[in-house]
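Participant: Those sequence lines, one after another, are chains A and B. Quick note: the first sequence uses the numbering used here, first residue 1, plus one each step. Quick note: the second sequence uses the numbering used here, first residue 1, plus one each step.
Calculated directly from the structure, the hints in this document are not laboratory data. For every residue, glycine included, the Cβ atom is placed at its ideal position computed from N, Cα and C. You can trust all of the hints, since none of them are fake.
What follows is a set of in silico ranges between Cβ atoms, one per label pair, in the way DEER data are often shown:
#1 A:402 x B:168: 15 to 25 Å
#2 B:27 x A:207: 19 to 29 Å
#3 A:208 x B:157: 27 to 37 Å
#4 B:161 x A:348: 49 to 59 Å
#5 B:27 x A:158: 49 to 59 Å
#6 A:110 x B:157: 47 to 57 Å
#7 B:27 x A:72: 19 to 29 Å
#8 B:144 x A:91: 33 to 43 Å
#9 B:82 x A:208: 24 to 34 Å
Chain B regions said to be covered by chain A (calculated; three or more residues, Cβ under 8 Å):
#10 26-33
#11 94-107
Here's the letter readout for the chains.
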Amino acid sequence: MNAITRRSFLKTAAVAGSGLVFGANLVRAQQNKDEVLDIALIGFGAQGRVLFESIMKLPNLRFRAICDLRPAQRRYVRLWVKKTLKQDVTEYVDFNEMIAKEHTENVKNGKKGLDGVFIATPDFWHSPMTCACLEAGINVYCEKMMSDTKEGARKMVKAMQKSGKLLQIGHQRKSNPRYIYAREKLIKGAEICGQLTNANGQWNRAVTTDLTCPKKLELPKEVLEKYGYKDMHQFLNWRWYKGLGRGPISDLGAHQMDIFGWFFDARPKSIMASGSVDFYKDKDWYDNVMCIIQYDTFQKRNARVFYQVLTTTSAGGGYFEQFMGTDGAVKMSENPALTKIYKENGADKAKWDSYVANGLIQKSADPAPSKTAIADARESKALDTYAMPDNLFPTDPTDPSKSAPIHLPHVLNFLDSIRGKAKLTCDGAHAFEAEAAVFKAVDAIEAKKELYFEESDFVA
Amino acid sequence: MKKTLLVILSATIALASYAQTKKLVLEVPQSQLSGTPVPVKLPNLEPKGTNPEVMIPVDATNIAKGKKVTSSDDFPLIGELELVTDGDKDAAEGCYVELMNGLQWIQIDLEKSADIYAIALWHYHSQERAYKDVIVQISDDPDFKSGVTTVFNNDDDNSAKMGVGKNMTWVETNYGKIIEVKPSVKGRYVRFYSNGNTTNDTNAYIEVEIYGK
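So here's chain B without its partners, still in its complex pose (with noise of 0.2 Å):
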């Protein structure tokens, strides 16, 4: 008897906890691919469109939108970084900032500690290109030289030297990337590394979206 009331607690528990979530479903930008495509040739590429069905809270919402960013670039090639979280994924001129080469981040303020449950991660999406070295860190220390949880990494030989990663490398499109944060992760701010990708060494971003509450 009683372990058939628990049976049925754990079931009305889980449809619970399922019923409070929604499949989280991006706004998608029109592709504009041009130019001529560059051969992408790395180890840990994943095939091209498998964004994962990521379940977010019901009421987890964008908490990326407007907030500010800051960069290890002080002076950014082109572009301005608050269009990281302006909510334009266009990847037209003028929507876009980019970064020097060499190993980069941006940095978002949430402004608050919050429970992150995805990310979703727009480079520069108007060319076949993939990002190299893409850390995604989650912290609540500025600094981040405490309390830093690594939410995503595509570094497979550590060239970034922070760790050896073991997630794919992906090729950007207008779909963008979602990272699904599971279990979440409570922080202020997420920081974003890449170095380069396969057209050039550069570290452009369009648009960031933070997933939480």
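Chain A with its partners taken away, still in its complex shape (with noise of 0.2 Å):
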């Protein structure tokens, strides 16, 4: 493995952080002096090994240790890491003899016990575990949504605060460098789009089949009742079961509309939502969810967001959070091709110019408009397309000609701050304020009515 060097990454955060362009060659085979951490994961489904592909990217670690209750998941990780790394990785079921014997038995006998744990198992679980590694006193990384309840969050929160420990959640856009640099130079910083007055987001997906395995491959029955899951469809398929998960809107829901309140550095006020199941009749949480939240921005002024998650088309249309105003427009995406940034006809050219003049954005390749007649004379000509400047998403640390993985940031992010090097992008507290718009959307859901936040909605 070709080694990044952990002072290139520091620069990159450093540098993605105050909003400065930075060069996607970054400097390698630099001297290495930072401490190394020893971790383990909770759960390698989908997710988790999203997480463990970032993870195996950086420098510095000892892998100790891999929780779960398949043997062909846990054998998949002790595989990888020892044929990479060497290291020797010991296989759990049960994540309390996990931390047991890796951390709180080697603590008392002076032994060095875990710095940090990953969890990524389902929503269920995330809490009680979270609150076992937290009192046990380790770090943990998270995966978002926090809990499938508010309690549940709320307990995570507290455990945070008591233990003195650090608990970061998954909403890995917080530390995208991208995200950071819209948020704080274009949105923020140079107000481009003028007076914000609208958002809107989506997370469209096509129609997907159930997840299966070979009958071989099924967990017995006594483990999965022991695990809380019915079988081993819910098991595998659990987003879409009460009491297990909470459902699209707050599986790809979560990621986004937790943007809109940093964004506009503010909280909600109300939500409308409807949804259904529509399409997947076997499930228990709604397929297709539209939401209409009320903000009061940086700016001092309303701002309406609409949001969609639907599960029975994706329309073409993929996933955005465009944030609208007078003057412009900033479509973002973890997509790069997907987002844009566009000028309102009637904006100030020259300010726009001087964006472009002074590397804050860059005129986009795209194609010129298009010269179809306007059907409507009160339809508005297509606007002028703008681009976010190049580069501002870190390499790969193992190949410099590729993009490192999209959740290496905010893994990154989760390290330095065990070391000291770096504040969390999102703990606990700010994720629970954060995903309070999620939560509240299913109430809404169900109440048929708009519904309007309260202070004890955002804070543990």
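Take each chain as given, in its own frame, and dock them per the hints.
Facilitator: Shown next as structure tokens:
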């Protein structure tokens, strides 16, 4: 493995944080003096794998343990770590046993415990696992949603505060240099959109089939029941079931609804939402949800957000969050190809030219606006498009020819926070506040009316 | 007169030859796309859904089914090598074998030398991704040291150090990738290289079919 240096990553993070542009080719093979951290992973499903792949690209880690119910998943991690890092990983089925053997007993015997645990299990396990780790004195990176219940999330924040340990929640856009740049430099700094009046976001996916596995890989019924699952189908497709997860509005919406409040620098005021099970008739949670959320932005003005999660059609739209104002719009996505900046035709051209001249944005390579006749005189003519500077996202530590995995900056932020070199970008208390809108969306669907947020929605 | 006869003869041979071929039609598994799409940006990427129409002899069949598979990775991260030729093309958990990161290969032993006309390949297709440095070779030498014919190579920058390839990279789907072997190549062993993909650095295989006789 070609290791990028801690110094170059720090440089990346610092530059991104300051909003400056940095080059894609980072300096490699410098001396590395970072503290080696002992870590473990609980849960190696789809999201656990995404985290694992980021973790394995970072230097100065000792991967001590993997905890998962499935033998094949544990073996996967053990083999990968053995082959690449020549480290021995211990496999666990039960997280309490892992905490006891890898941490508590070691610490009691004067040996090194775990510095950090990554949790990527179904949502209903997040709270008990996180609390157990924090109470044992281990820092935690836990995937979002914090929990399938508000009460579970509240317990996590309280455990974080009581233990004094770090709790990072996996709202990874908070560490994404492109998002940080858009927020700090474009939306808040230059106020490129003018007066922010609206935002629009979506995560649309085509119809998918249930996850399955061959009979030979099914877990024994007693194991499934012990860990809270009715059967293997529910274990594999937990996101759709009440008591295990909170459905697509939580899985997908949590990432994006977090961004609205973050970019507006405000808490939501009210929410109305509609959702139902339209297609997947055997599932518990709503497959399509639409929400309208209102904020008082940092500009001390009202802004309205329309947000939808559709799991029955991709409609060619993908996933993005778009911030719209009187002068322009910034359309954000983790996929850079979907990220665009638009100038309203009436906006001050000289000002936008200066944005380009100063390197804040660049002219888009998009084709010129269509010459198709405008069908209605009231239709606005096509807008000029712009783009963010190139190379805002760090390169892959093991292959500088490509971008780093999308979660890597957030994982690195957690690890560097343990080392005392950074501050968490999404600690438990802030995540609790960010996830308030997601919890409230479900309440609003059930109440069938507009609901207003209270202080208790944001503070654990 | 002689010329006319020759033309008729040639046309007859061509017709007879055409009559003895069939269009390769694959049995396609259900699409199982899931997860967040990762941008696929490669210089030599072909448009999605561009499998060629391939004609193969009527008596050519999938001669890889159930045949022994070996690999450069002695201990695959997940799954068994037999999954590559078991006839199951689903992308579900437990249906694929995944080899370590870096340049890796799998190799199918057809048990005897055969004429190969087409190859169908399914890497992991539960997410839109493109595999890099895909090189497919046929040989009668199990060590691929002699008599090697490369029938596909999309390594546009020679990163695998096996020569620059001109073939296009493709985005994996449940439809698989058809590689036409024209003219046919005779060989007992077929080796498939890859060097990670646009989502991660590992090398997963769901199924390989080799059409020959």
